[in-house]
Structure formats: C-alpha cells, structure tokens
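Novice: The whole structure should be built from the sequences, with the hints applied where relevant.
These are the residues of each chain, in order.
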Amino acid sequence: MSLKAKIKELQKRREEVILGGGEAAIEKQVKMGKMTARERIISLLDPESFQEYDLFAAHEARDFDMDKKTLHGDGVIIGTGRIFGAPICIYAQDFTVAGGSLGLMHARKITKIMDHAMKMRVPLIGINDSGGARVQEGVNSLAGYGEIFWRNTLASGVIPQISVILGPCAGGAVYSPALTDFVFVVDNISKMFITGPEVIKTVLGEEISMEELGGARVHCEVTGNAHFFAESEAECFDQIKKLVTYIPWNNTQKAKPFPAKKPKREYKIDSIVPGDPKQPYDVRNVIKSITDNSEFFEVQELWAKNIVIGFGRMDGETVGFIANQPLVLAGVLDVDSSDKAARFIRFCNAFSIPIVTLVDLPGYLPGIDQEHAGVIRHGAKLLYAYSEATVPKITVILRKAYGGGYIAMNSRHLRADFVFAWPSAEIAVMGPEGAANIIFRKEIMTAEDPEKMRQIKIKEYKDKFANPYVAASKGYVDAVIEPTETRKVILHSIEISANKVADRPMKKHGIPPF
Amino acid sequence: MDNPQEASKKPRMKSLVIDGSKYKTNLTTKFENRVKYEAPNPKQMKAFIPGTVAKIFVTEGQKVKAGARLLILEAMKMKNRIEAPFSGKILKIHVKEGDIIPKNHLIIEFE
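Keeping their order, the protein sequence lines are chains A and B.
Sequential numbering of the first sequence, starting at 0, is according to numbering that gives the first Met the number 0.
Sequential numbering of the second sequence, starting at 0, is according to numbering that gives the first Met the number 0.
No lab work stands behind these hints, which were simulated from the structure alone.
We put the beta carbon where it would ideally sit given N, CA and C, even for glycine.
Do not take every clue at face value.
[Stated by the list, open to error] Straight-line C-alpha distance at most 20 Å; calculated SDA-like pairs for lysine to any residue:
id: 1; chain 1: B; residue 1: Lys21; chain 2: A; residue 2: Asp281
id: 2; chain 1: B; residue 1: Lys29; chain 2: A; residue 2: Ile367
id: 3; chain 1: A; residue 1: Lys200; chain 2: B; residue 2: Pro49
id: 4; chain 1: A; residue 1: Lys451; chain 2: B; residue 2: Gly19
id: 5; chain 1: A; residue 1: Lys241; chain 2: A; residue 2: Pro262
id: 6; chain 1: B; residue 1: Lys76; chain 2: A; residue 2: Val202
id: 7; chain 1: B; residue 1: Lys91; chain 2: B; residue 2: Val63
id: 8; chain 1: B; residue 1: Lys78; chain 2: B; residue 2: Lys102
id: 9; chain 1: B; residue 1: Lys13; chain 2: A; residue 2: Asp275
id: 10; chain 1: A; residue 1: Lys111; chain 2: A; residue 2: Phe49
id: 11; chain 1: A; residue 1: Lys458; chain 2: B; residue 2: Lys21
id: 12; chain 1: A; residue 1: Lys451; chain 2: A; residue 2: Lys461
id: 13; chain 1: B; residue 1: Lys35; chain 2: A; residue 2: Asp275
id: 14; chain 1: B; residue 1: Lys62; chain 2: B; residue 2: Lys88
[What the hints assert, rightly or not] Among the chain B residues that face chain A by a calculated CB cut under 10 Å, a handful are:
id: 15; residue: Val16
id: 16; residue: Lys23
id: 17; residue: Lys102
[Said to hold, decoys possible] Which stretches of chain A does chain B cover? Using the computed rule of at least three CB atoms under 8 Å from a CB of chain B, they are:
id: 18; region: 198-212
id: 19; region: 276-287
id: 20; region: 319-329
id: 21; region: 353-366
id: 22; region: 423-431
Specialist: See below:
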C-alpha cells in the first residue's frame, strides 16, 4: 500500500470513530437538547487547540456478547487544549456510545489524561454525561471509578479540577465531581444522584422526577454540591472560561495578572452600608466598589446566600472574597454558610490567592435545627480553614462583628495579617440589646420603669462598646479607616504580603472537622 | 446593576431576631421550611429506616415483654427484626403487612 493509501485509510478510520455512537444516537442526543461530547470540547477550548488521544481505544470485554460489540473510543474523548491560552487536560464522556457507560478502557482513558494533567501541572476539566457503570464489565468498571477517585484526591490542591455535569451522573460516578474543586451544571440537562427515582419509588413508594431529585437547581440551591448554574451549555462554557482566567494552572504559580482597572464610578463605597446595623444592604455592592472594573465572579451564588464568596481582581491580581450578606438571614453564620466559606478558603489557600474578608454579622443562627444539624462541627470548619490558611489574609470590618462571629471571620486571633475597621464597626461580645439585658439585668428588673431603664442601658452600652475603638486600642484592629480608603489599604496589604512567611508545625496533615 | 445604591432598598423584607436585636433581612426557603422540633415520645415506635413491613407478629391490645419480636421491617435487602423496647401493652398498630413506609413513620403505639 502506498503512503497515500495508508493516509486515506487513517482518514477513513478517523471519520468512522469520530461519529461516536452513530447518526441515530447523535440525533437522540440533540433531541435531548444536548451537544455531543466532541462539540462540547470544541466549543469550550480555544479554536484549533484540541489534540485528541486514544481515539482508537477499544474495550477488551468478552462476557455477555461484548466481544461482538464495537464501542467507538469506548465512550469517552480525551485530549489537551487551551482556554484563553491556558493549557488544559480534558475528557468528555460520549453518551451516544453505550450511554457513556464506564468500562475498564473508558476509565483508563480518563485516568491517562488525569495522570497527564498531574505530570504537566495543568488544570483538568471533566465533562460527565454517562449512564453509569458498564454492567457487562462488572467489577472492572468499579475498579475504574476507584482509580479516578484516587487521582482526584491526589490532584486536589495541586491542579485545579473542574467538573461539568452535562447529562446523567448517577451512583458512584457522582463522587468524582464531588472530589473536584468546582462543579458546573445546566438547567434541565444535569442530573446527579446516588439512587435514582426508580429505586426511591421501589423502596419508599415515593415518586419524584430526576429534575426534582438531582437537577441543576437542586444542587445549586439545596445541596450545595454544584457551584455554577447555567441555563444552557453555551452559558456554562462561558462560565468555565471565565473561571479559568481567575485561577492559576497549579499550586506553584499565581493566577495570570490582568491589566489593572479602577472600580466603576457608580459604586460609591461610602453610601452602600446603612448606619443602622439592623438595616440590610447587598454586600456584593461593597465588593464591586473595591474590585477592578467593579467585576465580581460569584461562586455558589444560589446556595447559603447569607455568605458571599467569589473572585475579583485588584490591580489585575486575583483576590478571593468572603463576605457576610446582611441581605439574607442578616448575614449569620450557620451550617451551610460555614461549609461554603471554609471550602472556598481552602481553595484560595491551596492556589496562592489572597483572601479578603468583609465582616458584618450578628453571630450564629439560633435554633434547634441548627444545633441538631451540627452547627458546632460545621462552624468549626470555618475556624479551621482561616487558621490554617497561609496566603495573605486581610479583614475589613464594615459594621457588626459580634461574639463568635467576630472570631470566626478571619479575626486577628486566627492570624489575619491585617485587620481594618470602618468607623461604623461594632466589635463587641454581642449586640447592645442582648448585652444590656445580661449586664444590667438587676438594674433593669428593679427599676421603676424597666423598659425605660433597658433603653438607657442599651444606649450606655452602645456608646461605650459599639465601635471599633475598643478593639483598636488593644491592637486587634490595626487601623480604623474611612470606607473610601478600603481599596487602597487592601492593595497596600497585599503588596506588603508578597513575601509572607507563615511557619506551621510539621505534620502529615491536620484533622479538620470534615 | 444600574444603581447599586438603590438596589438594597427592596420592599417586603422580613425580620430575624438574634440576641434581642431585630434585623431587617430576607429569609431563605430552607430557614422558613425548617422542621419544628418534636420531643421524642418513647411510647411511639417509629421506623428507623424506610422499608416494607414484611410481617407483623403482634395484635392490638396484646401484652408484650421487652425484647419480644413485633414485626419485620424489610429494608435494603435486610429483614430487620423490630423488638419491643420495654414490656407493655400494644395500644395501636399503625401499619399492615405489605405497607411501604418512609423513615420515622409511626409503626406501633404502646399504652
């Protein structure tokens, strides 16, 4: 055969395999409102940047007539490419080939690209669209999942790992995304659960749709398993691309800087926060009045909204923001908000992203449900995450910082590098009402007019303690600043912290309150 | 957002009391739908796991000794033997054989 003929043969073989499960299966995929695996990779990566590997991979299963079946690419596409120039390792399960089911070769392809991502120290993106384990391959497919989970765990904190759920992701398969840093979901397309509606119906007699059980909205609003919600796959890919610009390629680098920009003029930092500590406002506007071009890329926007987390840039450098949200549940800490912030802090710390904390909270959410849901155990995660983090940590106390909430929100005592407070800050063991009731209980009870006395005592406490100056006099607050100085002092703090040395005792690892 | 200063002034806010202070804020669905706490009643036996009532060995009004088998609750392919937690008289049986019941479903009430 001439070389020309051999090249022709290669082209023919490629064409055949690239079709995946064939035209009928592709048509079905399109009817479900989904892109094919190949289309997804192409739309996510920079044009012409995708290089595929293991296109001709074939399974070796023999049981249940599998030896007579050809599964193109064994139901998964792997390769490398770029997103805004950043090198990326990627895999996408192909639902058109045997429902994207995971067999031994399928798993080997995924672990191959994972190993490559680790070796080259570049981000990994996994697009999940699979019916689950390939039952015909038995324990081999379970082994495949295990190999993936193990690699996810080892890669955690070394390279950023992104999971995209664009179809079913059920049973054991859900644990790979759960082990990664960010999970993206799309309305009406993503479905994640351990046991599906059918099992639930048989065991419990309860009927629920896949969407209600584990759809995109559920995982963004209720479970907190997912981080980004999109209406369409195209929107989802835009979100992923945006995220990639904010994070570094691995844990030895910093995120690539952008040209510095000033915040937009309409975000006036000194007119967002009401003077009365009981009045709400949207803390995201404070963040936007600090960041370059007033841009804030929020993470887990729909879950545990009483705390806000996300990325912004300051003078072109990526900064991680954590802020109490007085607009929702008065910005209290609770089980979910502690989990949410703690995990984000650990991501920022692992990937050298400075952390800016904006504080305005009345404390922890009271309630039997919170106590019984383990607010002690969950709340401890936040203390742990802040305490162990060694990246530059800057705190700005905007208004209330009461009690345990004050300590937990990156206080000096948990080793914030710089703590600033606005003149509106109230740093105290609790709010004036509660404190007056305890300290002056006797005076109030024995007074002729207890209510009048209560108000007098509340005012007395307010005047004396509801300010930043007591904490400043003890050095717990480094400087009391005007709101308009906030951006300047944060930038200065980050600059000064560039060569920060934070010694920690040698240990195998800590034992965080998981 | 066109006017960030205006956006905070949304109407229909609720309030949340913490340490005697009343804060104006929005509540979450999860918070508003939180399940009210009920003190456990030792005289009411509830299902510790969702499953199928495979067999009932006792009848209403029957006196049983602590540890006597009351029923089999089949769940996750296991036949769980449910025993009497103390000696007493069965007041009411709230399930029948073949029933599929959720977790915490009331099974038997003691007098």
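Novice: Go through the numbered hints given earlier and state which of them the structure violates, listing their numbers in rising order.
Specialist: Hint check: 13 fails alone, others pass.
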